[in-house]
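For chain D, the structure is supplied; the task is to place chain A on it using the hints.
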Amino acid sequence: MKNDNLPSFLKNQQRIQPAAPRGLPKPYDPLYRPADGVSIEEWRIMICSIAGSFRVSQGFTKGVTLVQNQVVEVAQNDKSYALFVQVNLTADPAGIDLIAGGQSNLNIVTGISFRFGVSQVLLPGESLYILLASVGPKLVTVTEVTV
Amino acid sequence: MNRDLPFDPYFRPADRISTIEEKIIIAAFAAPGLLATEQARFVLGAVGEPMLIAQNQTSEVLLVAYQSNDFRNISGRFAGHRESLFPGISFFFTPNPPVQILLPKENLWVVVTQANPTFQGMVVVEITP
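Order-wise, the sequence lines are chains D and A. Numbered according to the working numbering, the first sequence terminates at residue 147, and the numbering increases by one at each position without gaps. Numbered according to the working numbering, the second sequence terminates at residue 129, and the numbering increases by one at each position without gaps.
So here's chain D without its partners, still in its complex pose (with noise of 0.2 Å):
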């Protein structure tokens, strides 16, 4: 095409091609959408974090014991299209200091911190790690539910 009448700064956006039809979902691409609407996937993540709190009495708990500054992994979904976790103290009112991630190495740091415990949505093949700032060492329940 040509395209010699035109400004300067339209010519170079005649040169960008169009971009290729999107493939399947790569694992390393978390920021990964489909662009036709919601995927039953996301439908069931939906279910889960907002009907997960209202169903963790018919779940598994477990307990656990948080070490200072020491990063443990408390859940693991390698059993459901969704899981809901959530993260109790069971002797600290006061709460505790959780920094919680889905990583286990140093980059947890940079995750989310909490003070009364935590609630997420791990989808398949992920983990939930938790980092105790306060001092330790402190016992908390993870309550795992498949909605």
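What the hints contain is simulated information worked out from the structure, not anything from laboratory work. For glycine and all other residues, C-beta sits at the position ideal for the given N, C-alpha and C. Don't take every hint at face value.
Label-pair restraints from in silico Cβ distances [what the hints assert, rightly or not]:
{"hint": "1", "chain 1": "A", "residue 1": "S84", "chain 2": "D", "residue 2": "Q68", "range": "30 to 38 Å"}
{"hint": "2", "chain 1": "D", "residue 1": "S104", "chain 2": "A", "residue 2": "A36", "range": "41 to 49 Å"}
{"hint": "3", "chain 1": "D", "residue 1": "I112", "chain 2": "A", "residue 2": "T128", "range": "23 to 31 Å"}
{"hint": "4", "chain 1": "A", "residue 1": "I17", "chain 2": "D", "residue 2": "S113", "range": "28 to 36 Å"}
{"hint": "5", "chain 1": "D", "residue 1": "A94", "chain 2": "A", "residue 2": "E22", "range": "36 to 44 Å"}
{"hint": "6", "chain 1": "D", "residue 1": "S104", "chain 2": "A", "residue 2": "P117", "range": "19 to 27 Å"}
{"hint": "7", "chain 1": "D", "residue 1": "S104", "chain 2": "A", "residue 2": "S84", "range": "28 to 36 Å"}
{"hint": "8", "chain 1": "D", "residue 1": "I112", "chain 2": "A", "residue 2": "T118", "range": "38 to 46 Å"}
{"hint": "9", "chain 1": "D", "residue 1": "G95", "chain 2": "A", "residue 2": "F42", "range": "27 to 35 Å"}
{"hint": "10", "chain 1": "D", "residue 1": "N107", "chain 2": "A", "residue 2": "T118", "range": "44 to 52 Å"}
{"hint": "11", "chain 1": "A", "residue 1": "T118", "chain 2": "D", "residue 2": "L106", "range": "31 to 39 Å"}
{"hint": "12", "chain 1": "D", "residue 1": "W43", "chain 2": "A", "residue 2": "P117", "range": "47 to 55 Å"}
Coordinates of chain A only, in the frame set by chain D:
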């Protein structure tokens, strides 16, 4: 993860939301508006003893809310679906009554761990959305 494995208890059809999933999400959204209008019943209990708060024997989806007769003086409680489950979920100083959704044949047990000496049991509200 292979969702097609026969031993996977969490398997769901991948191409659509099931009827029960739809009802659960409706119940979760409707809970705050429905529970306030229902008549409460009282479940007797004591600190440290499992109390059977509700059994869903008749409904496809049952909303259950519970609160102490002292309301403000429970400092810790655990809830689960079996009497032997505890320690289960812990609730601390919740300003609003905890609400749970029970599917058919599911139970809700609660153990109060600390309460005022005047504690006698739980006020329970149930409704089918």
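Practice problem: Can you let me know if the beta-carbon spacing of S84(A) and Q68(D) is within 30 to 38 Å? | Solution: 32 Å, holds
Self-check item: Status of the given 36 to 44 Å range, CB of E22(A) versus CB of A94(D)
Solution: 40 Å, holds
Quiz item: Would you say the C-beta atoms of I112(D) and T128(A) sit inside 23 to 31 Å of each other?
Solution: With a Cβ separation near 36 Å, I112(D) and T128(A) fall outside 23 to 31 Å, so the hint is violated.
Quiz item: In this structure, is the beta-carbon distance linking T118(A) and L106(D) contained in 31 to 39 Å?
Solution: 50 Å, violated
Quiz item: Does the hinted range 38 to 46 Å hold for I112(D) and T118(A) at CB?
Solution: 40 Å, holds
Quiz item: Okay, W43(D) versus P117(A) on CB: inside 47 to 55 Å?
Solution: 48 Å, holds
Practice problem: Look at the Cβ atoms of S104(D) and S84(A) and judge whether their distance stays inside 28 to 36 Å. | Solution: 33 Å, holds
Quiz prompt | Pairwise beta carbon distance, I17(A) to S113(D), judged against the given window 28 to 36 Å | solution = 34 Å, holds
Self-check item: CB-CB spacing for P117(A) and S104(D) relative to the 19 to 27 Å hint
Solution: Given range 19 to 27 Å: violated, Cβ gap about 46 Å.
Practice problem: May I ask you to test the hint 44 to 52 Å on the CB atoms belonging to N107(D) and T118(A)? | Solution: 50 Å, holds
Exercise. Just tell me: holds or violated, for the beta carbon distance of G95(D) and F42(A) against 27 to 35 Å?
Key: With Cβ atoms ~32 Å apart, the hint holds.
Exercise. Could you check the hint for me, namely that S104(D) and A36(A) are 41 to 49 Å apart, CB to CB?
Key: With Cβ atoms ~44 Å apart, the hint holds.
When the structure is compared with the earlier hints, violations turn up for hints 3, 6, 11 and for no others.
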